[in-house]
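*Asks:* Single-letter residue listing:
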Amino acid sequence: MGKRTIMPMSRPAGAGLLWALVVPVIFAAVALQCPLNSALKVGGDDGYELNKALLVSRDPQAAVRMWNDQPWLHTLLTAQLFKWVGEQAAVPRLFSLVSAMALVVAVGHLIRKDCGRLELMLVGALLLSAWNVPGLAMAAMLELPAIAWAVVAAAVAYWGYGPVRWWRLVLCGAAVGAASQIKWTAMIVMPALVVMLVCQLGWRKAAWALVLWLVGFGAVVAAIAVWSPSFDPEQLFLSHLKANMALQGADCAAARFRFDTVLQNPAMVVAAGLGIWRGWKWVSPPAMGFGLTFLTTAAAVAVAQRPWWDYYVLHFYVPLAMFGAVGAGWAIRAALRFAAEAACSRPKADAAAASGAVGLLGAGHGTAVAVLAAPAIVALWVGFSVLNVVSELAMARSAKRADQMDIVRAMREFAPQTRWCFAAAHEYAFAARVLIPPELVVLPWKRFLSGNITKQDVAQMVMRYEPEQILLAGYDWPKGAGFESWLTNTYVLTDRDGLRELWVKRSLNPPELGTRTEMRLRALGL
Amino acid sequence: MESRSHRVGLKAAAVLVGLLGALKIYGVVAHQVGNIPDGVLGIPTNGLALGAGLIELGLSVLMLGLLSPIRSAQGLSMWGFCLVCWRVAHAWSGSAVACPCLGPARQWLGLSAATEERLLLSIAVWWLLVGLLAWAREQLCR
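First to last, the sequence lines map onto chains U and X. Read in order, the letters of the first sequence correspond to residues 1 to 526 in this note's numbering. Read in order, the letters of the second sequence correspond to residues 1 to 142 in this note's numbering.
Since the hints were made in silico from the structure, they are not lab data. Quick reminder that beta carbons are idealized off the backbone N, C-alpha and C, glycines included. Hints are supplied without guarantee of correctness; some may be wrong.
For the chain X half of the interface with chain U, some residues (derived, Cβ under 10 Å), not all of them [to be verified]:
#1 Tyr26
#2 Leu57
#3 Ala114
#4 Arg118
#5 Leu128
#6 Val130
#7 Ala134
#8 Arg137
Some residues of chain U that are not near chain X, with every Cβ distance over 12 Å (derived) [said to hold, decoys possible]:
#9 Leu210
#10 Lys281
#11 Trp381
Chain U with its partners taken away, still in its complex shape (with noise of 0.2 Å):
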């Protein structure tokens, strides 16, 4: 490695201000612009979270029960703010907003030492527009605020060279803790906080580091472990490592890290690119450990994790936009320095013509490729980041409102009568507020594929409870152990939205199907 040198860059003093401005509009005008509290459904397992604090806020003993693959601490947090603030399905989702807007700050704060102003809008505006980010920000999902905080903590235990600040030390491994406590995939932050402290401290002093690190990490984990219902390390642990070892020898392209899901943001990648090709020059070395080190570990896992799913593509998003706005700042900078000096009046230039050392546009090699980048990526950025962001801002725009559904309203009309309600379609028992049985609120496919439940458990677990109102969405499950038989016997179907029959018990009186839409129909005059 050649002489490293510093480029000279203006620090960023208003960054704070700058920040303090932005983030709080693009915030307001997200949550102000999607119905974050009365959409269905915003994202894939939203609906299991919701029902997950739902149970935990009304029935926290009947919680102990309930299987739950992931740490408690988001449905604790989550369950506790609707005793604050009511059952609405807004609180996690702006939880994931808020914790988007973390991350954005974090990352800015990894370049911040060497970077200027431009580079912190250029990391807000490739983070925020990636393929899958504006989705996940709006979702009551973990995996964005568990990499977000254990972001933070990165950013909290990062400050340049000079003296050991243990507090920064204490509160990083307290901050990692907590997002391992959100969801464990926050751990992937681990090898590269430890290439950060040992580039920023040397190795005997990164030692000492990581063990104030560790009570800050140990403290936290055991006081949530405390804290929360359960502790099972069979759901914690085991369960992902069984469907791990159940996808591997499977051909299940459905399961697997697909590249195309990185690609989908090529100006992030194309950025990135030049931002370690240039950024080796003059970004500090715990910062740079630290991005390579996370692509790294983001790759390792691609390609070891099954199941991949495609919101794991989080994981390559914080190193690659921590590079891509070094070089698209560097590119942008240097681009616009071309155009703001004529040729015609550039000595410079007419003696590097002259020896011979000119490149494509008769600048230098990186001016030619600075020029011919920063259009491509901005323009990259336009074709595919930002109708990236219109096209996921527009779905949870028009997505499913709770309370103008039919299904949903019958739902709630017995929800006073209901104890308990099986929804194969979760989100619909969270927008009824009714709770599902605890053994089965958490019903992945990833549970059936590891062995942990059959459909014909799912059968007898219904019938075992025998919940006032049960809504099949179309699913070959529950079924098996006489369910059908007993299910026509015991309950009625009142209601129909397309694959989805709302079933009721009969106990409940409630009226047949054509009653019900007869009802309707009268109610709007027809």
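Put chain X on the given structure of chain U with help from the hints.
*Replies:* Below, chain X alone, put in the same frame as chain U:
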């Protein structure tokens, strides 16, 4: 100061863009006044194609007249612009003729139609920005 190969390459690109523009204009006019069917030579024959042809012809002339070190890049982006015109004209006319340059690339790379659209939009924006850079530099030079 630019090398001779740069100049020759640039002129060739300008001529190519100009020819494509002229071909589009010819297709539209021939369709309107003669018995030549729609989509002659695989070129859509509607107002947009006429507009695109005129723009390309104009840009070709402009390109030949420019004396800027950025001209090579501009020449490349002209070609990108031509692709965009082609695609927009096709979308407008509903013609099934695939984009001659990006179509095969799309099939080879396995890109979706949506990705092709996004790529074309990116090329258009790229052209615009490179053109702006060149224009800004020219203005300062005068």
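*Asks:* Against this structure, judge whether each hint is valid.
*Replies:* Consistency of the hints with the structure:
A least Cβ separation of about 30 Å between Tyr26/X and chain U goes past the 10 Å threshold, and the interface hint is therefore violated. Residue-level restraint check for Leu57/X is violated (minimum Cβ-Cβ distance to chain U is 23 Å; threshold 10 Å). Checking Ala114/X against chain U by beta carbon gives a least distance of about 9 Å; that is within 10 Å, so the hint holds. Evaluation of the Arg118/X hint against chain U yields a held restraint, the C-beta minimum of about 5 Å falling below 10 Å.
Satisfaction of the interface hint for Leu128/X is found here, the shortest Cβ-Cβ separation to chain U being roughly 8 Å, below the 10 Å cut-off. Taking 10 Å as the C-beta cut-off, the interface hint given for Val130/X holds, the closest approach to chain U being about 5 Å. Interface restraint check: Ala134/X against chain U, minimum CB-CB distance 8 Å, threshold 10 Å, status holds. The criterion of a C-beta within 10 Å of any C-beta in chain U is met by Arg137/X, whose closest approach is roughly 5 Å, and the hint holds.
The Cβ of Leu210/U lies farther than 12 Å from every Cβ of chain X, with a closest approach of about 44 Å, so its non-interface assignment holds. Lys281/U, annotated as away from the interface, keeps every beta carbon of chain X farther than 12 Å; the closest lies near 24 Å. At the 12 Å boundary, the C-beta of Trp381/U falls inside the reach of chain X, the nearest C-beta of that chain being 8 Å off.
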